[in-house]
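Q: Each residue of the sequence shown is one higher than the one before, counting from 21 in this note's numbering.
Simulated from the structure, these hints should not be mistaken for laboratory data.
Any given hint could be a false lead.
As the list claims (entries may be wrong) - Pairs of lysine-lysine residues, derived as DSS-like cross-links and limited to a Cα-Cα distance of at most 30 Å, are as follows:
| hint | residue 1 | residue 2 |
| --- | --- | --- |
| 1 | Lys-139 | Lys-213 |
| 2 | Lys-52 | Lys-145 |
| 3 | Lys-165 | Lys-145 |
| 4 | Lys-213 | Lys-165 |
| 5 | Lys-52 | Lys-139 |
| 6 | Lys-213 | Lys-243 |
| 7 | Lys-243 | Lys-145 |
Keep in mind the model is a prediction, meaning the values are calculated, not measured.
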Amino acid sequence: MKRPVQTLLLTLTGIGLLHAALFTDTYLRYVKAGLRPLLITSGVVLLLLGLAAAAARSGPEHAAADDDQEHSHEHGHEHGHDHSGAPRIAWLLFLPAISLLFYAPPALGAYTAARSNAKPVGVQKGFAPLPATSPLPLTLTDFTKRVQQDPGRAIRTRLVQLTGFVSPAENGDGWYLTRIIFTCCAADSQTVKIRVYGTEAPPANTWLAVTGTWHPRGTLGTKTAQAALDARDAHPVAQPVNAYTDDLPLTPS
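Kindly produce the complete structure, drawing on both the sequences and the hints.
A: Right, dumping it as structure tokens:
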């Protein structure tokens, strides 16, 4: 891979990062939203490096050096000792650079959820009274905490609404409402799941808002209680902007 091609690779990668982080939400498929400034900074640095290298090589001194280098390469070919080029596999570096501009990979979903670790639910000692709103929007983590840790059992008869995507249960026996959570990036993703009863499993990866009540199994307010929902209603929703958190869903503006 020769210097002009390396310069092009730097420039394309910088443009791709800036495109993903400034003009689309694609970057959220790779990293947490808080890392956006770092992506923008990296894109700017790579773009400037590429432009600087291109400008430097356009000067007359570098043009003469290129001619000398070309003669040196030809001489090397004659004697069978030309080792100036990078391995051919280096051309594969163009694939991620171009994909940032023209191809967004599919979002992580049920396949990843079945193979990633479950995110531990932290211990919460005190619980504020639940709002009177009905149905009550909750995150999957908050619902789990209320079911397994709240000694007041305030969730017992409450109608709640949870949002996530469908992932099949083991051996196809039922399904879960699921969220994938990035600690930092896609490589360290973890999942939180709520078992859903009372309705047939929709297609995997379907985003749903599910309304229902706690499915009584185990002792409410203790670790024996299953984080599960008896569904009364489940309707499809658009994938939220903050798909890789367990926050209440944000919708595109």
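Q: Hint by hint, note whether the structure agrees.
A: Right, here's what the structure says about each hint:
no., hint, verdict
1, Lys-139 / Lys-213, "9 Å, holds"
2, Lys-52 / Lys-145, "28 Å, holds"
3, Lys-165 / Lys-145, "10 Å, holds"
4, Lys-213 / Lys-165, "12 Å, holds"
5, Lys-52 / Lys-139, "16 Å, holds"
6, Lys-213 / Lys-243, "15 Å, holds"
7, Lys-243 / Lys-145, "14 Å, holds"
Hint compliance for this structure: no hint is broken.
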